[in-house]
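> Here is what each chain is made of, one letter per residue.
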Amino acid sequence: MAVHSRAGALPPLSLLKRLHYAWQHGDRVFRLLTGAAALAVLALVLAIGLKLWQQSALSRQAFGLTFLVTSSWDPAVDQSFGALPFIAGTLVTSLVALVVAVPLSLGVAIFLAELAPSWLRQPLGFLVELLAAVPSVVYGLWGLFAFIPGFVRPLATGLNSGLGFLPIFEGPVLSPSRLAASLVLAIMILPTISAVSRDVFRAIPGAQREAALALGATHWEMIWQVLVPAGLSGLLGATILGLGRALGETIAVTMVIGNNLDASASLLRPGYTMASIIANEFAEATYDLYQNALIEIGLVLFVLTLIINLVARLLIWRVARTHGNPTS
Amino acid sequence: MLALTGVATALAILPLLWILSYVLRQGAPAISIGFLTHLPTPVGVPGGGIANALVGSAITVGLGVLIAVPVGVLVAFYVATHPQAPLGLAVRFGTDVIAGVPSIVMGIFAYTLIVVPQRHFSALAGGAVLAFIMLPIIIRTTEEMLRLVPASLREASLALGASEWRTALSVLLPAAASGVITGVMLAVARGAGEAAPMLFTAFGNPFMNVALDQPIATLPHTIFVYAISPYEDWRAKAWATALVLIALVLVFNVAARLFSWWRVRKLGSVTR
Chain V
160 MAVHSRAGAL PPLSLLKRLH YAWQHGDRVF RLLTGAAALA VLALVLAIGL KLWQQSALSR
220 QAFGLTFLVT SSWDPAVDQS FGALPFIAGT LVTSLVALVV AVPLSLGVAI FLAELAPSWL
280 RQPLGFLVEL LAAVPSVVYG LWGLFAFIPG FVRPLATGLN SGLGFLPIFE GPVLSPSRLA
340 ASLVLAIMIL PTISAVSRDV FRAIPGAQRE AALALGATHW EMIWQVLVPA GLSGLLGATI
400 LGLGRALGET IAVTMVIGNN LDASASLLRP GYTMASIIAN EFAEATYDLY QNALIEIGLV
460 LFVLTLIINL VARLLIWRVA RTHGNPTS
Chain P
-9 MLALTGVATA LAILPLLWIL SYVLRQGAPA ISIGFLTHLP TPVGVPGGGI ANALVGSAIT
51 VGLGVLIAVP VGVLVAFYVA THPQAPLGLA VRFGTDVIAG VPSIVMGIFA YTLIVVPQRH
111 FSALAGGAVL AFIMLPIIIR TTEEMLRLVP ASLREASLAL GASEWRTALS VLLPAAASGV
171 ITGVMLAVAR GAGEAAPMLF TAFGNPFMNV ALDQPIATLP HTIFVYAISP YEDWRAKAWA
231 TALVLIALVL VFNVAARLFS WWRVRKLGSV TR
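These protein sequences, in sequence, are chains V and P.
Numbering-wise (the numbering used here), the first sequence opens with residue 160 and increments by one.
Numbering-wise (the numbering used here), the second sequence opens with residue -9 and increments by one.
None of these hints come from the bench; they were simulated from the model.
A hint or two may mislead.
[As the list claims (entries may be wrong)] In silico lysine to aspartate or glutamate, DMTMM-like type, Cα no more than 25 Å apart, as pairs: (1) V:Lys176 with P:Glu154; (2) V:Lys210 with V:Asp447; (3) V:Lys210 with V:Glu440; (4) V:Lys210 with P:Asp203; (5) V:Lys210 with P:Glu134; (6) P:Lys256 with P:Glu154; (7) V:Lys176 with V:Asp186; (8) V:Lys210 with V:Glu443.
[Said to hold, decoys possible] Here's a subset of chain P near chain V, in silico, CB distances under 7 Å, partners left out: (9) Ile3; (10) Tyr12; (11) Val65; (12) Phe99; (13) Thr102; (14) Ala152; (15) Ser153; (16) Ala185; (17) Ile236; (18) Leu238.
[Stated by the list, open to error] What the simulated footprint calls covered on chain P by chain V, stretch by stretch (three residues with Cβ under 8 Å from a Cβ of chain V suffice, anywhere in the stretch; the number is not a length): (19) 68 to 79; (20) 112 to 123.
Quick reminder that beta carbons are idealized off the backbone N, C-alpha and C, glycines included.
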């Protein structure tokens, strides 16, 4: 057997000698392994995008970009597919969830970072983070049988009777509804937004606080006029991170949104989101175009959450750079 | 104004207390040893249980951990040793991307990757999708712990003549072990609660199954199926299963926190 002339190549050896060689040159193996693992992560990201792109080919070719703006979804008769109701439903529920969650999260973050007595901070912070630990399916179960009858329905009835002239609160009041889904989403994204916001506040140096107080500001003025503006891009990043989570939330939303192709603007009626149509209909997609259309919705969801998460990370990273402290 | 933030915090914690107390009240009556050891019975037949879902969750989560931990730790080592290299930055970015992928999209990916070529649902596909979901959690916590290990420890080991891989295995890994364990516990808590990807990978199974190439039941999937069913006794079982799941998830989360708190108290720092 000829010995390879390439420098550093292994000559043919017995197993024992090979093991001895590896032990002595284990660094190379180690570096190879870690490098391969790193490449595997990148390969995974590319594979997800690629597979989604490939497996939605039929639907992309059949409908093109009009897929995103067509409202018809008729797998049984017409075999026409349009994703607009789902995209609209996802955006509406996520935005309403943000409108509810952001002020609350800001309040929680300010309370835990600045105002709470130190013995209270850890336990309260832990409780808020436990909200994130509750599995999505338990949120759905509780939402369906406790939250909707106990809170959402009375609230919806009240909103309808008081503000029913607004198209978003138009009757009839039905449940499950988009309002229920938005509120459950708000509860689910609150811990994310408040945790990142707390980190943002902690990253702002104490000198800023002391300077404001020394200049005669009240505690509240210091928080509102110094800390919040200083951490604004980080807080924005936290919000967008929460938005990213809300966009992709599946099981809890499927259980409380009603899964109805309702086209009205009212929040008090059932709706549909991208994630919940996939969850509901994927296992029943009997022909290829149907399945491809659902996978294309998955692709849209993937790209949407990708962009949103990137923007969020960029904003948070900017705050970290400005104040010299890593926040995430 | 200051009081408003306190009110906001109370409002934030209220749903948690509501959920925990409600699940406890609804689920506790149906919990028994029989519930945890019997297989599901047809609708209307008393007695059933969730033994297959408990075993199924253990298998899929275990499989996920088996795949995600070695890969995740290796990736964390790479990123910790090459923080500024282009591949290191790209991997950090890639980890964030994977963390942000909705679990249903992960489920579609695992479906097209594993279920379609194999032509059947399987516990393997379920384990794989959980591995993908757990991977970023493990990478992040391990990498953070590795960064906290003082450079002097690594340099001392290298100065004493250990090679890079011996240093990594015998010095750095034990020092970062508490972070790895915390990461695994948090990942397990997350993976055990995922229902959406299971819808088209593990698919659920009314019978007991331990084979990796067959569909398998999991706790969150069982809750989902029972909860949206029209049968009263199935819905009661959904609450009991939810109680079991939330108890497991909370135990792992609290254990992860207590573990890292204990480590800090005992050793005076977060690393060895």
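> Look at each hint and say if it fits the structure.
Verification of the supplied hints:
no. : hint                   : verdict
1   : V:Lys176 with P:Glu154 : 21 Å, holds
2   : V:Lys210 with V:Asp447 : 15 Å, holds
3   : V:Lys210 with V:Glu440 : 19 Å, holds
4   : V:Lys210 with P:Asp203 : 22 Å, holds
5   : V:Lys210 with P:Glu134 : 31 Å, violated
6   : P:Lys256 with P:Glu154 : 29 Å, violated
7   : V:Lys176 with V:Asp186 : 17 Å, holds
8   : V:Lys210 with V:Glu443 : 20 Å, holds
9   : Ile3                   : 5 Å, holds
10  : Tyr12                  : 5 Å, holds
11  : Val65                  : 5 Å, holds
12  : Phe99                  : 5 Å, holds
13  : Thr102                 : 5 Å, holds
14  : Ala152                 : 10 Å, violated
15  : Ser153                 : 5 Å, holds
16  : Ala185                 : 4 Å, holds
17  : Ile236                 : 5 Å, holds
18  : Leu238                 : 10 Å, violated
19  : 68 to 79               : holds (count 5)
20  : 112 to 123             : violated (count 1)
Violation of the numbered hints given earlier is confined to hints 5, 6, 14, 18 and 20; the remaining hints are satisfied by the structure.
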